[in-house]
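Visitor: Heads up: the sequence lines are chains A and V, in that order. Read in the numbering used here, the first sequence has 205 at position 205, and its numbers run on one by one without any break. Read in the numbering used here, the second sequence has 423 at position 423, and its numbers run on one by one without any break.
Please keep in mind that the hints were generated in silico from the structure rather than gathered at the bench. Careful: at least some of the hints might be erroneous.
[Said to hold, decoys possible] Per the computed footprint, the stretches of chain V lying under chain A, defined by three or more beta-carbons under 8 Å from a beta-carbon of chain A, are:
#	stretch
1	13 to 20
2	32 to 39
3	54 to 65
4	68 to 79
5	130 to 139
6	149 to 161
7	176 to 183
By construction, the Cβ of each residue, glycine as well, lies at the ideal position given by its N, Cα and C atoms.
Each chain is listed here by its residues.
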Amino acid sequence: MSVIALPARPHYLNVHYGIRSWLLTTDHKRIAILYLVSISLMFLVGGAAATMIRAELLTPNAAFFDSETYNKLFTTHGLVMIFFFLAPSIPAVFGNFMIPLMIGARDVAFPRLNLLSWYIYILGALVMLWSIINGGVDTGWTFYAPYSTLFSTTYVASTALAIFIVGFSSVLTGLNFIVTIHKLRAPGMTWFRLPMFVWTLYATSLIFVLATPVLGVAMLLVIVERVFHVGIFDPSLGGDPLLFQHLFWFFGHPEVYIMVLPAMGVVSEVIPTFSRKPLFGYKFVAFASIAIAVLGFLVWGHHMFVSGMSAQAALMFSILSYMVAVPSAIKVFNWTATLYKGSISLDTPMLYALSFIGLFVIGGLTGLMLASLGLDEHVHDTYFVVAHFHYIMVGGAVAAYFGALHYWWPKMTGRMYPENWGRVAAVIIFFGFNLTFFPQFILGYWGMLRRYHVYPPEYQVLNVLSTAGASILAVGYLLPLLYLIPSLWIGKVATPNPWKATGLEWQTASPPPPENFEEIPVVTTGPYNYAPEQPRRQFG
Amino acid sequence: MPLFPTEASSVAQGVDLLFLFMVLVSGGVVTLIFGLIIFFAVKYRRRSDDEVGAPISGSTRLELAWTLIPLGAFMIPFIWGAWLYLQMAKPPTNAEPVYVVAKQWMWKFEHASGQSEINELHVPVDRNIKLTMVSQDVIHSFFVPDFRIKQDVLPDRYTTTWFRATQIGTYRLECAQYCGTNHSLMTGSIIVMSQSDYAAWLAGGVTAQQSPAQVGANLFQQYGCSGCHHADGSGPAPSLVGVFGHTVHLSDGSTVIADENYVRESILSPRAKIVAGYQPIMPSFQGRLSEEQILQLIAYIRSLGSQTGPSAQPQPPVTSSAVPGATPGVVPTGTPPLPTTAAPTSAPTSTSTTVTPVAQAPRPSNPGGPGPALNLKGDPTRGAQVFTANCASCHGDQGKGGVDNPGSTDGTVPSLNPVDPALVSQDPKVFAYNLDLFIEHGSTPEGSSPQLLMPAWGDKKLLTPQQIADVIAYIMSLNGVQP
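Extracted from the complex, chain A is given alone in its bound form (with noise of 0.2 Å):
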């Protein structure tokens, strides 16, 4: 299968030209260049922010900005990481890519709905960038009402608009994934036969359909009793503000596994292609994914256990968020195990897949402290909880994204990038991400509370050690922009299957024809059938 692409050769990026192929397309592999492209843009924005919260917290007291400026910063932040980088980020760009590709179709189910989500994504993040530079949003991501409703004087209604028409975006692309998977998949592939990422993206397509209606909700009621003051949320109309944080964190938390489940997916792929061996317990890491989807959604309330909600709700909630934890710890020792007698290549995608398990396993491991309610009074809202979730998104699923981005730039470009930067990049982030965060786990159990814009001054050497981490991080993610973007044009011809992997997006040229395949593969064997010759045996 080592045939070198020829030049003449057709693919989907030279098969047409001009602006207008673009943005007409309804190849969903021109639609994920498409998400690449944008989620990049909105990702320079969301970092541009952390990089001014970080210098702000170089010094105790108020250095570059005032108070409200800092708190649009960090809302800013987090609000366009969350809705406009991480929610599509592995599922808008290497699931449309790739999910056909895996099942052996030739485009998703309903190519222009596909790219209907991208233009509503775009209109979303186009509201979004206009109330940002029209003077921002102080609220915070999470919108807490009575604030958002009656107390903030910024751009609360147009965020919630652009946070309501953004969840479209995901909404159709979920419903897209479902319909493909059932009714696209290549003859052969049975549900069994299906990589990892593809169960993954399922089980996160089923969140997106499910639990981003309920955000829609939120932000609508937000924007009712803030326009036409019609009591929902506060009380002084006759509403109740814990309604609101049980309709935000509904939505919530399987936000949370809607940007974790497709990263879990990634590493679920680039981990056996790396040892060149089947993924342990395939069917158990299925079923922990579908378990994870399914019992996401009722965990919500470990996001108010202060707020007042009364003790046996408080213990139902802690329980079910052990419950929770369950599935992804089988999924970490498979993964473990997937390594054992493997044939270990720490190629960079490799190298983001292991440190993905290392700062998951950390992330997760302080979540079953916050979910221990006696722990939880004390470092609830605290940079504790900060730490802890960048752990999981940023160590997790950013690591996981840069991972996706490594492993199937040969097939979404024909071009390698240079490997040895690639690895430096890697460590650079792994250490810049701890230097970041680690610390934050210490301020926050000795009593530093997220969104302070002063803070006392004991508290400033760690973070001092935060920002210089940031810093470094900083340069881990822009690197990668500056040799992979060059590698374009000089980078090695990549071959239809660099790495030997086994999965049929491998077995199809990169860059792949328009039409994915010239033939539609008939699938004989699971994903990772390394070692054909040989029988498949259980360990021990």
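Once you have looked at the hints, place chain V on chain A.
Guide: Coordinates of chain V only, in the frame set by chain A:
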């Protein structure tokens, strides 16, 4: 930097212990996973370009192991954390109430004795403090890192938390729930004082201060509540005597416990819950009362709460003829046999003791036997100085009493000059013994929610045995008994 922030409350050590446990176990798990990853990555590194791994697809036994073991292990932090949480959630019944009103961006406190403070809360060490909190605008959160407690403060709904400070000092109070521009400036101090300093602080600040219940009683008249809510239930509205803390039957057949939130709702939204047998005629006081005034009205209604309703029990509650603080009929366990008017250990040298009915001397509500002060010789002159510094703020100058103690049955702190006659004995040893028990162990006066409590001067080492002996000698001299 020490491992943990200061542990200044009764729950802090427990929280830290759970945290330490989880950090150690988590550290072990992280080391195991990182160790395995590194070990496998080195041991099974790829040796040749076309090498493949062993075709191992899984192991049901291992899957079961790493499903069930974590599931079981997770029950440890769940149960441990829940156990801590339940302690932290329920205020002890003897906790002293403090009312908290939060607003952008300040904290207002009102003590039961009437002192109010802004961004500072003075509390005595080793005493349970219960906070009843409400916000005037957005959601805030009461957080004292050194106490390890946090509770959101909501608009239009009371939330409560409690703490017992265990160390004298000043601790940072912070708002933990994002509340707008100056969120990070919404900080304050919890000032934990020795019980004597606190008593002095309470007495020293303001003299003509009224307690929230007293202010509430005035508001009750002023806003016309008393026009309908007659104490004897004869008015068009239900009597509020004996209501607080008890079950109320509603017109729709359901019942509700009359707590702070119920009373608040009844004042602001009277039609939400109608008491069975009454008409919905009460106007809403929404917007007419400040948060502080609502809390004061509740304090007043709470003070009526422990009184028995007129219809339910016609007999007035039995009041102790002894000093408030005595719990009639309750003899603390662990107390040695009580010497009364005669030394019981000696042989019956006097015949009169057996025929004279002996008045049982009142005992403090807190258990414990006599302290070491009884073996020391007290000096009334030095005792007078100790008394002035520590006791006079409640018991009055020269122990003449008269200081208000709202919430107690007597309404005032008992006089020590003259002291309750049941405590007096011409036998100096017996008299000293009777006084010593109160001073050593302290006492909670009888009543619904007495706001001044007798501290345990001996148990808490607030006074030395010699100082206690001196004070005993002084009080005996005030009552005409030579020590």
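Visitor: Three or more residues of the stretch 32 to 39 of chain V near chain A by CB distance under 8 Å?
Guide: It holds: at least three residues are needed, and the stretch 32 to 39 of chain V offers 4 whose Cβ sits within less than 8 Å of chain A.
Visitor: Count the residues of the stretch 13 to 20 of chain V whose CB lies closer than 8 Å to any CB of chain A, then report whether that count reaches three.
Guide: holds (count 4)
Visitor: With a C-beta cutoff of 8 Å, work out whether three or more residues of the stretch 176 to 183 of chain V approach chain A closely enough for the coverage to hold.
Guide: Coverage by chain A holds here, the residue count being 8 at a Cβ distance below 8 Å.
Visitor: Given that the stretch 149 to 161 of chain V was listed as covered by chain A, double-check it with a C-beta distance under 8 Å for 3 or more residues.
Guide: holds (count 9)
Visitor: Would you check chain A against the stretch 130 to 139 of chain V, counting CB to CB pairs closer than 8 Å, and say if three or more residues qualify?
Guide: n = 3 at 8 Å, threshold three: holds.
Visitor: Confirm or reject the coverage of the stretch 68 to 79 of chain V by chain A under the rule of 3 or more residues with a beta carbon closer than 8 Å to the chain's beta carbons.
Guide: holds (count 6)
Visitor: If you look at each residue in the stretch 54 to 65 of chain V, do at least three have a Cβ nearer than 8 Å to any Cβ of chain A?
Guide: With 10 residues in contact (Cβ-Cβ under 8 Å with chain A), the coverage given for the stretch 54 to 65 of chain V holds.
In the structure shown, no violation is registered for any of the earlier numbered hints.
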